[in-house]
Amino acid sequence: MKFRTRAIHIGSEPDATGAVVPPIYLSTTFVQPGPGDWGAFDYSRSGNPTRARVEKTIADLEGAAGSLAFSSGMAATHCAMGLLESGSHVVAGCDMYGGTYRLLHKICNRNNISVTLVHADDAAAIAQAIRPETKMVWVESIGNPLMSVPDLEQISQITNKAGVLLAVDSTFVPPCILKPLDLGADIVMHSATKYFGGHSDCLAGALSAKTPELHRQLYFIQNATGGVIGGLEAFLLHRGIKTMELRVREQSKSALAIAQWLESHRSVARVLYPGLASHPHHQRAVRLMGDQFGGMVTFDVRGDIETAKRLCKATELFGLAVSCGAVESLIEQPATMSHASYDPAARAQAGICDTLVRISVGLEDPEDLIADLDRALAIAGGA
Amino acid sequence: MTSSSNPKSELGFGTQSVHAGEARQKPNDAITDSICCASTYTFESTQSILDYLKENHDREEYGRYGNPNEKVVERKLAVLEGAEDAIVYSSGMAAIVGLLMCKLSAGDEIIFFDQCYHRSREFCVKHLSRFGVVTHQVKTGDMGAMESAINSKTKMLVSESPTNPHLTVIDLESFVAIGKRHGIETLIDSTLATPYNLKPIEWGVDYVWHSATKYMGGHNDLLAGVICGSTQKLEPVRRLRGILGSINSPHNMYLLERGLKTFALRMERHNHNGQRIAEFLESHPRVQRVYYPGLESHPSHAFAKKTMKGFSGLITFLVKDADWKQTAAIIDKCKIPRIGPSLGGVESLIEQPMVMSYFDYPSEQREQFGIYDNMIRMAVGIEDTDDLIEDLRQALEMP
Chain A
1 MKFRTRAIHI GSEPDATGAV VPPIYLSTTF VQPGPGDWGA FDYSRSGNPT RARVEKTIAD
61 LEGAAGSLAF SSGMAATHCA MGLLESGSHV VAGCDMYGGT YRLLHKICNR NNISVTLVHA
121 DDAAAIAQAI RPETKMVWVE SIGNPLMSVP DLEQISQITN KAGVLLAVDS TFVPPCILKP
181 LDLGADIVMH SATKYFGGHS DCLAGALSAK TPELHRQLYF IQNATGGVIG GLEAFLLHRG
241 IKTMELRVRE QSKSALAIAQ WLESHRSVAR VLYPGLASHP HHQRAVRLMG DQFGGMVTFD
301 VRGDIETAKR LCKATELFGL AVSCGAVESL IEQPATMSHA SYDPAARAQA GICDTLVRIS
361 VGLEDPEDLI ADLDRALAIA GGA
Chain B
1 MTSSSNPKSE LGFGTQSVHA GEARQKPNDA ITDSICCAST YTFESTQSIL DYLKENHDRE
61 EYGRYGNPNE KVVERKLAVL EGAEDAIVYS SGMAAIVGLL MCKLSAGDEI IFFDQCYHRS
121 REFCVKHLSR FGVVTHQVKT GDMGAMESAI NSKTKMLVSE SPTNPHLTVI DLESFVAIGK
181 RHGIETLIDS TLATPYNLKP IEWGVDYVWH SATKYMGGHN DLLAGVICGS TQKLEPVRRL
241 RGILGSINSP HNMYLLERGL KTFALRMERH NHNGQRIAEF LESHPRVQRV YYPGLESHPS
301 HAFAKKTMKG FSGLITFLVK DADWKQTAAI IDKCKIPRIG PSLGGVESLI EQPMVMSYFD
361 YPSEQREQFG IYDNMIRMAV GIEDTDDLIE DLRQALEMP
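Protein chains in written order, with the numbering used here: chain A, 1 to 383; chain B, 1 to 399.
With the rest of the complex left out, here is chain A (with noise of 0.2 angstroms):
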């Protein structure tokens, strides 16, 4: 079965009453058969029916042993970092969340973890990084908010030779569009609040490992640290699941339009888009993700740090919030926004600009889109 059948039938497995859709599961603890005697679900932080048939149909989509699903991308991340002990070292790519920047900085730093920052889309650059104390090579396979474009084949040559974990951070990019782990990845993690949600009222985390013994040590991992999803949450996140190949398709479709169009405009300076002919690794993100590329577009206005506010202030569909993947359109700028939380000296190293604007395209009809960036555009004046 194809990726639309399959989200829409994995998972979602008849019960008893015949359900067309699945009962939530609330239920916070289960009886047990007998002391000792433990049934398919004790506690719902260990287990819980609900999250399980979502934990299914993602790791089917993705090509997994497994899949956990987590309160929030970040509780994902935190997880996968928990593999990491006293004194491992972790290669990551500069162009990276802010969210992720902070965990490695800021509190995996506490337990004697650290941390080298590439440019990711230089795979010689990582081989170079890694010691012999690195224990994984953290890479998003498109960049926020640069869009940079990792060759995800060459670096898990890279890792395997080094015996060194490849997790991959694909927030960007679904399923729908590529898996980290046929290429080579051992770790896919997702903030599944965006496309996997895709209606901006869900936090949700996913991972997914390549091999069982990899799924058991995360599952262990996310059972004693308990940053699971409720059986609310992951309802609304198999809900939006069944749809996220249709919305993905056409979010590609208008953002691939909306970059052009972009491209074209005097206010303009840089439009980053691995859809674009001009995009730096356009070849090697057709060669990885075929004629989809997800529907994150960033730019660079002409003007200041001014202009650019001016600008996410003056669109009218698309709401100024962080976050992505939606079916609303969204813009902001990274530098106060989205990467805010990264230190300003290390925000200029890896070319997060004042000037620089992030786009996240919905399901709008693009030309109603296209025409309140340029009703924008005018606004804000740009030099």
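The hints are simulated quantities; they were obtained by calculation from the structure and are not laboratory data. A virtual CB, placed ideally from N, CA and C, is assigned to each residue, including glycine. There could be a bad hint or two in this list.
[Unchecked claim] If the Cβ cut is set under 10 angstroms, some of the chain B residues that face chain A in the computed set are:
1. Thr15
2. Ser17
3. Arg258
Go by the hints and put chain B onto chain A.
Chain B only, in chain A's frame:
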């Protein structure tokens, strides 16, 4: 501050599906609407109650009269349908009952085309009759018969378009013309078409009815009904709903609003899958006949092309030389569509109308309704088209 934005009609259907009817800036600056579960709403003081009663402020009072989640959905549905107003109910049947109980009194008459949802027929024939309302049924699409059945007591003309399960598309121009000629209101059950494909209001129909459980909710996880029409005509209907109490719940309304966000996308896919699968079935040697308005062979293909943008996902077909058990065997062999009633969700469903809806009827009466033993109804979902066709192909293989 909640500045209400009702995107203008020139915005695309996809944009309206996502944004129409919602406040641009919501409480606590949330991007999505909150779910307001309150059963009752409080007033600051006695004076504020008096002001509310006197000035008819637009605010909530008691949950049976309305809630914020229901109102957002009503505004969104009105915009999508091109109607002034919309009233949402706890189910599709609650909606039609709410409308007819309001508009009809003892001695009034109502005329239906005979292809219709069997529960609508049952309500009119068995229950409205107890209140002295007379129901006439005439052959579907026979405008002459409908006009002949009109007399001075006739209050409403009713049809589905397309009809269930025969997918007959009504010539809305003639239907509305009869109503206008005689000063009688018209009602279209547009559940199978949805406003993505057809807007009966644009053709002059007075009331549009949907089981919003179907394509509007779209995920087989909520029940809802809606009546769309002019503010003036719907005002007493809304008041009656407040008395009868068939309002929907805030939780459901949130799910319906969420479902509507992908409405345009889903309908595009239902239309695509429906057309492809209908064509596949028509070319299959075991299939005797396919009822789908997008096929040139369908008797109302011309009206369908004239009124509809696409033809949705409901397909009915007859299996060649099969009795009811042989027909059932095909259904039982399907691996993707689940067996069950309803339609319009992301999951495909399949059923045999003779078993699912008409099992208790004598066979002569079933034949009279055009329900044959070898009839299968498939509600095509949004799964991959080729997966569905492959599944039907294996199910239709000779045993």
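_Hint validity - Arg258 (chain B) Cβ closer than 10 angstroms to any chain A Cβ_ = 5 angstroms, holds
*Using 10 angstroms as the Cβ threshold, decide whether Ser17 (chain B) counts as touching chain A.*
7 angstroms, holds
*At a threshold of 10 angstroms, is the proposed contact between Thr15 (chain B) and chain A supported by beta-carbon distances?*
Interface hint status for Thr15 (chain B): holds (4 angstroms vs cutoff 10 angstroms).
In terms of the numbered hints stated before, the structure departs from none.
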